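Top to bottom, those sequences are chains A, B, C and D. In this text, residue positions in the first sequence follow the working numbering: the first is 1, and each later residue adds one. In this text, residue positions in the second sequence follow the working numbering: the first is 1, and each later residue adds one. In this text, residue positions in the third sequence follow the working numbering: the first is 1, and each later residue adds one. In this text, residue positions in the fourth sequence follow the working numbering: the first is 1, and each later residue adds one.
A couple of the hints might just be wrong.
[Claimed, not checked] Distance ranges between label pairs, derived from CB positions:
| # | chain 1 | residue 1 | chain 2 | residue 2 | range |
| --- | --- | --- | --- | --- | --- |
| 1 | C | Arg117 | A | Val125 | 27 to 33 Å |
| 2 | D | Ala57 | C | Arg21 | 47 to 53 Å |
| 3 | D | His62 | B | Glu126 | 30 to 36 Å |
[Claimed, not checked] Listed below are the simulated DSS-like cross-link pairs for lysine-lysine, each with C-alpha atoms no more than 25 Å apart in a straight line:
| # | chain 1 | residue 1 | chain 2 | residue 2 |
| --- | --- | --- | --- | --- |
| 4 | C | Lys17 | C | Lys80 |
| 5 | D | Lys8 | D | Lys98 |
| 6 | A | Lys144 | C | Lys17 |
| 7 | C | Lys80 | A | Lys144 |
| 8 | D | Lys98 | D | Lys78 |
| 9 | C | Lys125 | C | Lys139 |
Think of the hints as simulated: they come from the structure by calculation, not from any bench. Bear in mind that the values here come from a model prediction, so they are computed numbers and not experimental data. Cβ coordinates follow ideal geometry from the N, Cα and C atoms, glycine included.
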Amino acid sequence: MPTATKAARSRSTGSALPRYLLRRLGTSIVLLFGVTLVTFVLTALVPGDPIAAALGEGAIQNEATVEAYRERYGMDRSLPERYLLYLLALVQGDLGTSIRTSRPVLEELSTALPATVEVAFAAIVVSLAVALVLGTIAACRAGKVSDQVVRVVSLVGLSVPTFWLAIMVYRLFFMQLGWAPGSGRLSPALNPPPRITGLYLVDFALDGDPVGFIDAAAHLVLPVVVLSLFTIGLLTRFIRSSVLEVLSTDYVRAARAKGLSSRRVIVGYLLRGASLPILTMVGVAFGALLSGTVLVEAVFAWPGLGTYAYYAAINLDLPAVMGVGLVVGVIYVVINLVVDLLYGVLDPRVRLG
Amino acid sequence: MSAQVSRMSRAADARVSRRSKRRLPAAWRSPLALVGIVIAGAWFLAAILAPWIAPYDPLAQGLPRLTPPGEYSVLGTDVLGRDALSRLLHGARVTIPLAGVLVVCAMVLGTIIGAVAGYIGGWVDEVLGRLTDLFMAFPTVILAMVIAAALGPSLYNAVLAGIVVTWPMYARVTRSLVMSLRSQNFVIASRLLGYSPWRSMGTDILPNVMGPVLVLASLEVGTAILLLTGLSFLGLGAQPPTAEWGSMISGAMQNIDAWWLGVFPGLAILTVVMAFNFIGDSLRDVLDPLSSAERQGAGSAVGPTTVNADEGDPSAAVPSEPTEQEAPR
Amino acid sequence: MSTVLSLTDLAVELGPKTARRQVVRGVTLDLVAGQIQGLAGESGSGKTVTAMAVLGLLPGSATVSGSVRMGTTELTTLRKRELNRVRGRRIAMIFQDPSASLHPQLSIGAQLTDHVRHHLGMKRKEARGRAAELLDRVKVPDPESALNRYPHQFSGGQRQRIAIAMALACEPEVLLADEPTTALDVTVQAGILHLLRDLVDERNLAVLLVTHDLGVMSAVADDVAVMRHGRLVESGARRQMFTDPQHPYTRQLLEAMPDAQESEIL
Amino acid sequence: MSELLRVKDLVVRYGTMTAVDGLSMSIEPGEVLALVGESGCGKSSTARAVVGMERPAAGDVHFRDLPVPPLGLRRREKRFTAIQMVFQDPNSSLNPRKRVGDQIADGVRAARERNIESEEPGHWLESVGLEASMASRYPHQFSGGQRQRLAIARALAAKPDLIVADEPISALDASSQASVAAMMRRLCLDAGAGMLFISHDLSVVRLMADRVMVMYQGSVVESGATSQVWSDPVHPYTRALLAAIPHPDGRGVLPAAPAAESPQEWSSHVPEALNRHAAPGR
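All chains, please: the whole structure from these sequences, using the hints.
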């Protein structure tokens with residue numbers, strides 16, 4: 001949704017690409033700054049004592065230890081001071097050290113993020129493919145039985161609690177039937193691939209390791225299926241109405257009047273015409289997917305961003321929480337930017353101003 | 001001539017009023033809406049009557065532990081010897097009303113902010129727009145998680161978190177609707193007749209915004225239930241021993257063999273959410289033009305109205321985009 | 001004078017099951033090569049639906065009865081695949097709003113050549129050459145580069161010229177023109193009317209011109225039919241229809257034209 | 001102070017695009033001035049600037065010697081409710097969720113707030129050819145043409161001194177265009193109001209305007225008494241515009257088409273084409 005506004009804005013200004021990118025960079029930085037501020041304020045509100053949470057019952061009695069901890073994490077300073085220090089470090093690429101694990105947040109995020117991106121990306125590709133087919137069928141047969149069936153299916157897809165579905169399929173396909181591998185990204189017997197991108201499928205492929213690749217792919221199946229269901233529901237309904245709208249345009253009627261085959265009309269005219277709103281919605285759906293991963297990762301013990309965020313949150317691990325917020329903000333900015341750039345590719349009115 | 005015209009127009013009137021009578025009931029006559037209403041109604045009843053129809057106290061631990069459905073109780077018992085059916089019924093009392101509160105609060109907050117931004121425009125819109133952008137940048141569950149963790153895990157904090165993460169959606173929808181309505185001819189016309197901006201907001205703009213916003217809200221009840229149960233599942237919402245569906249599922253994860261403990265609360269969530277989605281989606285059919293605002297420029301269609309050039313459709317429920325002006329912006 | 005396309009007793013029903021309406025009720029018309037048959041009427045009279053029914057462009061829920069015959073081919077009962085061999089190839093259509101009937105995201109070249117390649121089996125290069133010739137014929141400036149441009153880069157009048165070129169690309173025998181100048185300014189409209197008339201004469205096209213504008217009708221149509229509530233109320237040669245209308249509705253339409261009225265001021 | 005409206009050197013810009021480029025005009029009570037031109041010539045922008053919907057980039061708009069304030073976040077002063085507008089699209093001119101009687105009553109109230117008596121909504125419905133009993137209906141129960149009549153009734157109920165009508169009849173069926181136009185002129189003159197009538201259709205303008213201004217690309221190219229401009233156009237653009245109108249005479253004569261799209265001579269400045277007076281004796 002936000003992307004559409006921006007695309008519209010960029011269309012109306014019709015400016016040259018560099019100027020547009022510069023403007024975009026500016027608003028992105030403002031947004032990211034806001035994200036850090038919001039996360040910081042939120043974490044500052046914490047009534048619980050993060051130090052206590054980190055140290056546990058025993059150590060909290062020892063005042064010297066507590067003081068040392070406070071100093072180490074800058075807890076002895078005032079809030080604005082702490083925030084400024086955080087920003088200063090941030091500019092130098094330092095996201096601080098996790099209180100819970102005592103490891104640099106940046107390093108932890110750089111392993112968690114690819115895990116989530118891998119699942120989410122696979123899910124969005126699967127969802128889009130399924131939803132395009134279902135949504136187009138529903139639109140072209142609007143009002144008929146197949147349309148009603150697609151409608152009910154997509155509404156049910158939107159209604160399933162993902163975490164529950166995750167448990168159910170995990171029990172059924174792993175524990176009962178043994179068709180799917182267990183939790184995690186890899187079977188325990190295997191070693192992770194040499195880290196290049198952090199995406200196991202890509203890294204195994206680059207490494208030329210078919211065993212690892214297949215194992216990693218098998219581990220992706222259940223989480224992706226579970227995650228896709230909701231997104232399929234979301235996208236199908238949207239694609240149906242977008243396609244339906246294009247269906248009643250004169251240019252589709254003109255294409256039919258030219259005697260082109262249905263397939264050509266659908267792919268060449270109909271879907272192309274609906275591509276811009278669909279693209280926008282895919283961006284939104286990707287954001288929703290990141291939300292969904294938190295719950296699904298918890299069930300499949302997937303070492304991704306969601307799991308990391310969860311542990312950071314329940315342990316009141318402030319630097320880690322801040323890091324998550326920042327990464328999430330960056331993802332949002334990147335998605336919007338990609339959607340906007342694709343808009344330019346798909347729409348000559350944007351491209352040529 | 002004018003007699004001719006008025007005769008023609010009377011014929012048109014007859015047609016139009018027949019159409020208008022068809023409009024609202026159509027939503028309720030659709031089987032989808034009916035199914036939704038029946039299921040939602042059943043859950044409402046269950047929630048209200050739970051203290052009387054539940055066979056046991058949801059918190060009482062007297063029964064044999066982990067018995068499968070049918071043995072001692074219809075849906076079996078949990079690890080502490082509590083009756084699963086009673087907990088399920090009482091769960092409805094927790095989640096459904098709180099989801100309602102969440103949606104109403106988020107809707108009011110979002111609508112106000114969106115309306116202000118859309119009506120005043122300029123730098124106010126810019127600032128509020130950035131603010132909505134900011135809250136939309138967080139994936140819902142992650143932000144809710146941080147908030148719930150920060151404020152301490154409890155159901156009320158989960159609701160609060162839910163409000164914080166969902167208001168921007170209403171703000172966005174309202175903003176774009178208000179912006180397009182603001183330049184509609186009828187709004188200009190009443191301003192030219194001396195309406196103050198407040199009055200024009202109250203009588204011209206908000207009544208025309210409410211339909212789409214309510215449809216959105218009805219679709220969001222389901223999402224709110226998913227969010228609340230999800231947070232409870234993670235331990236950031238309802239705390240034990242509260243009978244709440246999400247935490248019941250999370251508890252069930254510890255007892256792999258007692259499949260009934262996980263299956264039924266999940267089905268409960270599924271059916272309630274589905275009921276609300278069915279109702280909301282049918283409502284959308286009636287009050288459709290919403291979706292075009294929600295997607296900004298994406299638009300949507302009510303149905304396969306392939307022939308309209310020659311039909312002269314006199315029904316315009318909510319005004320469409322302002323007509324193209326002479327000068328390109 | 002050879003009849004190319006005959007509509008006999010054409011009727012169309014539209015709408016949902018609960019509220020079906022007969023939109024076209026028994027229309028009989030003959031389209032003759034080299035002639036423009038005008039179809040006039042106010043909005044809702046069923047004139048556009050009539051044109052769309054010829055090419056089977058109505059929604060699936062529509063029921064069409066009666067006959068649309070082209071030579072020995074009955075169009076209303078054709079299978080989709082066979083109908084597609086008629087559409088664009090033997091009967092082409094142009095629409096009211098040229099900015100809506102051209103796909104905004106496809107280049108002019110792509111839209112002018114895809115059906116040519118499909119129907120006539122031409123190679124890409126050959127089809128583009130033909131498209132450029134056509135653009136030149138309809139007086140779109142700089143046809144070669146126009147092929148690489150997009151609809152929004154042209155004015156409304158040029159877009160309608162492009163739409164006409166697109167319709168004529170496979171050298172059809174019949175052209176259905178649905179309010180082709182309604183969305184245009186009068187000075188632009190005049191140019192399009194000239195072009196239309198020239199093309200009809202030069203290619204011996206049979207044209208069905210649907211319009212509510214009696215001025216346009218008077219300027220280019222050879223024969224005129226007037227529709228109201230789905231029925232033809234009157235039809236005949238242009239001059240007779242305008243100078244000696246028989247049906248009261250036709251007279252009423254003509255009297256309502258601003259042209260026909262004495263100014264209150266003058 | 002016989003002038004109702006005085007516009008001086010009006011410039012309206014959208015971004016870098018100049019829609020209206022230095023336009024001046026005035027309207028007297030009981031006079032209908034038509035602004036004619038093709039799409040994009042700036043006629044609608046002028047209308048919007050006159051009522052205050054558009055903030056002029058330069059120049060000024062005076063109503064009864066007072067500058068017309070832009071329609072911003074402040075309530076419009078009472079005396080300016082004597083300016084009313086009728087829009088092109090009748091479908092968006094009425095609030096879909098308000099009974100039409102109540103909407104016309106808003107007009108009545110506006111008149112009374114200026115201490116001018118105005119009749120009840122039922123009267124106004126009848127005056128535009130509808131029935132008083134229709135007051136309790138909602139806009140969607142009317143056809144497009146009827147909605148335009150309702151919008152006119154609402155504007156007239158406010159007893160305006162100046163009506164700005166932006167293509168008020170172009171969305172109507174051909175058969176009712178002329179009658180609605182004539183009705184607007186009659187009602188307007190009966191009330192002693194002035195009217196700025198925007199149209200792309202010279203043949204309609206001929207029926208109802210005392211004076212006409214022909215606009216091309218943001219400027220007025222020809223202006224003066226309607227009869228004079230209609231029967232003896234001077235400016236090349238006006239000539240082309242008039243020549244391009246097809247006449248329903250059944251003679252099969254193609255209207256003259258300009259040699260090119262927007263030829264240079266159309267934007268030429270022809271001083272004698274401006275402020276033309278009616279030929280003596282008419």
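Query raised in the report: Can the restraint linking C:Lys17 and C:Lys80 be considered satisfied, given a maximum Cα separation of 25 Å?
Result: The given pair, whose Cα atoms are some 24 Å apart, holds under the 25 Å limit.
Query raised in the report: Within 25 Å, alpha carbon to alpha carbon, are C:Lys125 and C:Lys139?
Result: Holds, because 21 Å separates the two Cα atoms, which is no more than 25 Å.
Query raised in the report: Are D:His62 and B:Glu126 spaced within 30 to 36 Å by their CB atoms?
Result: 34 Å, holds
Query raised in the report: Does the alpha-carbon distance linking D:Lys8 and D:Lys98 stay inside the 25 Å limit?
Result: Roughly 38 Å separates the two Cα atoms, so the pair is violated.
**Report entry** Distance restraint between A:Lys144 and C:Lys17, which requires alpha-carbon spacing of 25 Å or less
**Finding:** Holds. A:Lys144 to C:Lys17 sits at ~12 Å (cutoff 25 Å).
Requested in this report: Quickly compare the C-alpha distance for C:Lys80 and A:Lys144 to 25 Å and report which way the hint goes.
Outcome: 19 Å, holds
**Report entry** Pair hint D:Lys98 and D:Lys78, alpha-carbon separation not exceeding 25 Å
**Finding:** 23 Å, holds
Query raised in the report: Does 27 to 33 Å hold as the CB distance between C:Arg117 and A:Val125, or does it fail?
Result: With a Cβ separation near 32 Å, C:Arg117 and A:Val125 satisfy 27 to 33 Å, so the hint holds.
Query raised in the report: Has the hinted range 47 to 53 Å been met by the Cβ atoms of D:Ala57 and C:Arg21?
Result: 51 Å, holds
In this structure, the one hint that does not hold is number 5.
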